[in-house]
Every structure is written in C-alpha cells, then in structure tokens.
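A.B. asks: Residues per chain, in single letters:
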Amino acid sequence: MRIPPGILIALVLIAPAGAAGRGTTHTVIIEGVQFSPSELIVHPGERITWVNKDPFPHTATAANKVFDSGSIAADASWSYTVTKQGDIEYSCTFHPTMKGKIKVQ
Amino acid sequence: MKTLLMSMTLLALSVGVAWAQGAGPTDPQIAAIVVTANQVDIDAGNLAKSKSDTKDVKEFAQRMITDHSGVNKSATDLVQKLHVTPESSPISQNLQKGGDDNLAALKKLSGHALDKAYIDHEVAYHEAVLQALDKTLIPSAQNAELKALLVKVRPAFVAHLDHAKRLQQEMAKVGG
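These protein sequences, in sequence, are chains A and B. The first sequence begins at 1 in my numbering and counts up by one. The second sequence begins at 1001 in my numbering and counts up by one.
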C-alpha cells in the first residue's frame, strides 16, 4: 500500500511528539541522605537514573513495588524506565527517612 | 548503663569546654575524632550483630557497620589526600573510652537487656556526635574539603538517630 506524501510528512511531524520521552534521562542525585530532586515529573518511556554520591549504599524502592534498585553502592548508579502514568512514592529501605516521588504524566 | 551515659556526658562536656574556651580542635585532631567516632560505632555494631537475637536490631547494627565504614573510608581517603596525620585529643580519647566501656558492658548482656543497652547507647552516641559536629567539629574545621565532608555526612547521623529512636520506642512497647 502506498501512503500519500502528505500523510507521510504529517507522520514524521507527529512522531517526535508521540514518542515524547523516549531517550530522555532524568537524574536523581542521592547525597546527604536525600533524593534530589525529591519530586520528578516524567513521561512514560523516559528513564530515571539515581546516582549515589554518599559514601555508603542506598536504595530507591517504590512503595507500590513497581521498582526496587536493591543496594546502590557508593559512587554507583541505577536506572529505571517508567512505563505507565501515575504517581510513584519511593524511599530508601536502608534509611526510611529518605523519600521521593515520581509523577508520570 | 550509667557508666555509658556518663561517658557520653563527658564527651558532651569536653566538647562544650573546648568550644567555650574558643580553642576548637585542629584539623588533624578533627580527623582522629571522625575516625574514632565511626570506628567505635562499627565495633559496637559488630558485637550487637553477632550477639542479638532480634532481626530489627541485627539489621540496624549492619546498617551502622556499613554506613560508618563508608564514612570512615571517605574520611581516610581525604586525610591521605590532604596529607593530614590524625592526632589524638581529649575528645577522641573520650570517644574511645566511651566505646570501650560500651563494648565491655554489652559483652556481659544478652537477650532483651543487650538489645536495650545497645539501642539506648546508639541514641545517646548519635546525639553526642551530632552535638559535637554542630558545636565543635564543623565550626572548627579549617580545610574546606574536611568541613564539606563533615557537612555531607551529618544527615547520616540524623537518619541513624531517628532509626535508633524508633527501635527504642518499639522496644518500650514490647515490654520495657
């Protein structure tokens, strides 16, 4: 089947918006026993990387269990690609006073 | 337990006296204080982890071992980089004495008494170290990187204190 050139152009123009988020990485710095930023707004398909700058391990663990980094060693990082919309509350299981939130829109 | 609290009071007093005289510790003395403060808590953690029968207490002890070992590693790396030789002072000596007394007391205990003594001491220890950080160590540190390290690790002591207090409250509920 042949697609008329006009529609092809439209598809190309729409494509980046439709794929919004893919290839985008957000960084959360873990330092001083805190997630920074503590709240992040992302879109499905986007990736979040937690970088641990503290001299001891932490975790990024979702309350609703959608992700759990396990132990992220000092100077190490861990990434997660968000899949669907909704709010995710997360914390560090080693230091429960550390809390963060991801809003997937 | 009285001895332990007394050694903590002594630490607080020695910190206070040094501060009142305006003669805060030097950077080499601060380096020794930081290393000693972490090491005594690692030692207590190792003892509690091996002697306690309580899952929460063992996990807390492991957290203390891991976190304070990490802080000590970055402190040691920094003093080597800065060519600072840690130097003993009344504060580091009091910390060591408090740590030794604590270990000696914990070794004689078991079961709930061990858990309670360990966690009570952890609360007192972290409160004393936070006081030392705020009133003496951070204000006295001359080298910017040393000061930055102290500021950076301070929240870990706050988180540990919070964790220890929570365990203390849970134990009080379970049966004093």
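Rather than coming from a laboratory, the hints here were simulated on the basis of the structure. There's no promise every hint is true.
Claimed, not checked - DSSO-like cross-link-like pairs, simulated, lysine-lysine; straight-line CA separation at most 27 Å: (1) LYS1051/B to LYS99/A; (2) LYS53/A to LYS1116/B; (3) LYS53/A to LYS1147/B; (4) LYS84/A to LYS1152/B; (5) LYS101/A to LYS1165/B; (6) LYS1055/B to LYS1116/B; (7) LYS53/A to LYS99/A.
Unchecked claim - Derived coverage of chain A by chain B (criterion: at least 3 residues anywhere in the stretch with Cβ under 8 Å from a Cβ of chain B; other residues may be distant): (8) 31 to 44; (9) 47 to 60; (10) 92 to 104.
Positions of the beta carbon are idealized from the N, C-alpha and C atoms, including for glycine.
A.B. asks: Is the straight-line distance between the alpha-carbon of LYS84/A and that of LYS1152/B 27 Å or less?
C.D. replies: Violated, because 35 Å separates the two Cα atoms, which is more than 27 Å.
A.B. asks: Sort out whether LYS99/A lies within 27 Å of LYS53/A, counting only the CA atoms.
C.D. replies: holds, 16 Å
A.B. asks: Would the hint linking LYS101/A and LYS1165/B be met if the CA-CA limit is 27 Å?
C.D. replies: At roughly 25 Å apart (the allowed maximum being 27 Å), LYS1165/B and LYS101/A satisfy the hint.
A.B. asks: Do three or more residues of the stretch 31 to 44 of chain A come closer than 8 Å to chain B, measuring C-beta to C-beta?
C.D. replies: holds (count 4)
A.B. asks: Checking one constraint from the list: CA of LYS1051/B to CA of LYS99/A, max 27 Å. Satisfied?
C.D. replies: Roughly 32 Å separates the two Cα atoms, so the pair is violated.
A.B. asks: Has the given pair, LYS1055/B with LYS1116/B, been kept, meaning a C-alpha gap of at most 27 Å?
C.D. replies: Cα-Cα ~14 Å, so holds.
A.B. asks: At a Cβ distance under 8 Å, does chain B reach at least three residues of the stretch 47 to 60 of chain A?
C.D. replies: Contact hint for the stretch 47 to 60 of chain A vs chain B: holds, 4 residues under 8 Å.
A.B. asks: Would the hint linking LYS53/A and LYS1116/B be met if the CA-CA limit is 27 Å?
C.D. replies: Given that 27 Å is the threshold and the Cα spacing comes to 33 Å, the pair is violated.
A.B. asks: Take the C-alpha atoms of LYS53/A and LYS1147/B, compute the straight-line distance between them, and say whether it is at most 27 Å.
C.D. replies: Holds, at about 17 Å.
A.B. asks: Taking 8 Å as the C-beta cutoff, is the stated coverage of the stretch 92 to 104 of chain A by chain B satisfied by three or more residues?
C.D. replies: holds (count 5)
When each numbered hint is compared with the structure, violations occur for hints 1, 2 and 4.
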